[in-house]
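As a plain string of letters, each chain reads:
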Amino acid sequence: MRELWVYAELLDGQWSGVSLELLTQGRVLCGAGGLTLCAVVRGADVAQLDELYRFGAERVYLLQGAVESLLSTVVRAVERYRPEIFLLGATMSGRQLAPMVAARVGTGLTADCTGLELDGNTGLLLMSRPACGGQLMATIVCPDHRPQMATVRSGVFAAEPLMEYCAGEPVLVEGDDVAAPRMRRLRSVRTEAGEAVDLHAARLVVAGGRGVGGAEGFRLMEALATALDGVVGASRGTVDAGWISSSRLVGQSGKTISPELYVACGISGAIPHVVGMQSAGLVVAINADPTAPIFDVADIGLVGDLHEVVPEWLRQLRDEAVD
Amino acid sequence: MVDAECLTPESSAPLRLRVKQQRPEDDFWVRKMRVLFWGGVISGVKWEAGCVLVGWVGAVGWSRLVEGFCVKMVVCIKQVPGGDRLVMDRERGCLNRSSAGGLMNPFDEPVLEYAFRLRDQYGGHITVLTMGPPQAEQVLRTALSHGADEAVLLSDRAFGGSDTLATSYVLSRAIERLGGVDLVLFGRQTLDSGTAQVGPGTAALLDWPMLANVRRVERVGGVLRVEQVTEAGYEEWEVLLPCALAIAADGEELRMPGLESRRRARRLEIPCWGVGELGVDVARVGLAGSPTKVLRLYTPESKQQRELLRGSPREMVRLLIERLKEHAVL
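These protein sequence lines map, in sequence, to chains B and D. If you're matching positions, the first sequence starts at 1 in the numbering used here and goes up one per residue. If you're matching positions, the second sequence starts at 1001 in the numbering used here and goes up one per residue.
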């Protein structure tokens, strides 16, 4: 039976959100196309695999070998088992691994898909992604090469476990280790342990742009986020200016998120930012410039100085709480 | 110190250099070393293993200091459409690049600056490479004016419509053709399509080690020590050359073009390599040679009922809270 592979990645001993989201969406695709859902993992304990079965994996390929030989081990596995579809999370490592695997195998790869479905007639994977800086959507296919490969950002699909599932024995794939690798990992350092923000999981994001005026201005964002029970995001300009940590960055070079409510304060709405937040449920924009492009993607726009509007919002929220 | 003979620009005779003994791990660099002058490269210099060149090469006025080692770098840059001049070719489902304005991809600028700093620090030679329509030459001239040593344009009608794999293939062939390249640098991604796939793809086709999201590069002995940003922090890697890196350096502002390099950028002839020069398999390039195909393009359904509120902050916020309650998000 033809297989659909999902590359599952561990971050800090936990399966990355996008891995479980891809398995969930993989179940839908496998149901439509009569494929077997398989997870491909490296460096996991057998005990950790249970979670993958719980999210729908019917088979798990457990890659052996060192991190240095990950690429050639994956390539060898693909060449041996010839999956029909291979999905990877668009994580930092996924975005490095996927194009290298695709180039070695000689197949196509579509980056940052926002939609994946199977064509009813041809059975081809229809991969949708924003094109032209988000002004248009493109549906991309890979008709003549296998596997059909795609990367997907986290937050695009939902992760839902199965009520009933059946765990199996993983298939071990030998590592393609070489005696003298041309690269060697010396160490892995965690830096954001204390202030890890989960923008992906947040239901509500208050994001600040250059309009907040400086690092001080982000206190106001923080206050609003706290009042609304959300987290703070930021645009490229503010991160580059050093007003806030890059872990808060929303947009093409940062995180793609889809919270229920996105409040853009003093953000002009350049395309690289918009692609990261356009799938939010409801977008509220506050900007003094009525011609700012952010108002084109906002459901509700407020034309005004955020330094007046946000404190007023906080006041009314407080008054409401008192009532 | 260096003892050099036959130091005239016209001479093609091999140089004889007396070099300072260094550590054995420098062998790698010694093999790779090139002597630079006039922005050009003299190859065929014979090196003895275990030696590294230190000091001035050549006579005053047309020489430059080569310290420690020279590394032949390639920086791959892209011309991206500027502003609102994007024109889609709906027939072919791709961007019509010949109509687009010409800006250097903003993510490539800090990489070019990073390459300059590596060259300042260790010596080296920088070739900028771009694939695109003939007018992409413009970004190469820009790079030259900022201080790149050499530029090559990869342009051919057959390349039009190439996807990331086909582009990686053309770039990898060009890097092979340049010969003796030690280090290829890419930007984090492009502004227009933003797939970040061409760098890793090119490295995979060359069969070179590759690291993306690199924020620091340092030479330690004969290898590079590289810091790669990860989701949780960073990782430190040791990489042998030749290798490829995608640099995610933020806020490295491109240095101002100097008078001399600006003049050079205007004068210098930029070779254009196509299918013939690169010896590429035409079945692997262009629209037909790309494994991914655009099936259709559509305008994303726009949200309805956009509302723009104006007036006093008090009134706007009152309306906003009302609307949010209607949407049941608060």
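Derived from the structure by calculation, the hints contain no laboratory data. No experiment lies behind these values; they were computed from the predicted model shown. Positions of the beta carbon are idealized from the N, C-alpha and C atoms, including for glycine. Mixed in with the good hints there might be a few duds.
To be verified - Just so you have them, the derived chain D footprint on chain B, three or more residues with Cβ under 8 Å:
id, region
1, 95-107
2, 143-154
3, 253-262
Q.
Under 8 Å between beta-carbons, do enough residues of the region 143-154 of chain B, three at least, approach chain D for the coverage claim to hold?
A. Holds: 3 residues of the region 143-154 of chain B have a Cβ under 8 Å from chain D.
Q. According to a criterion of three or more residues whose C-beta lies within less than 8 Å of a C-beta of chain D, is the region 253-262 of chain B covered?
A. holds (count 3)
Q. For the region 95-107 of chain B, does the count of residues with a C-beta closer than 8 Å to a C-beta of chain D reach 3?
A. holds (count 12)
In summary, the structure agrees with every hint in the numbered list given earlier.
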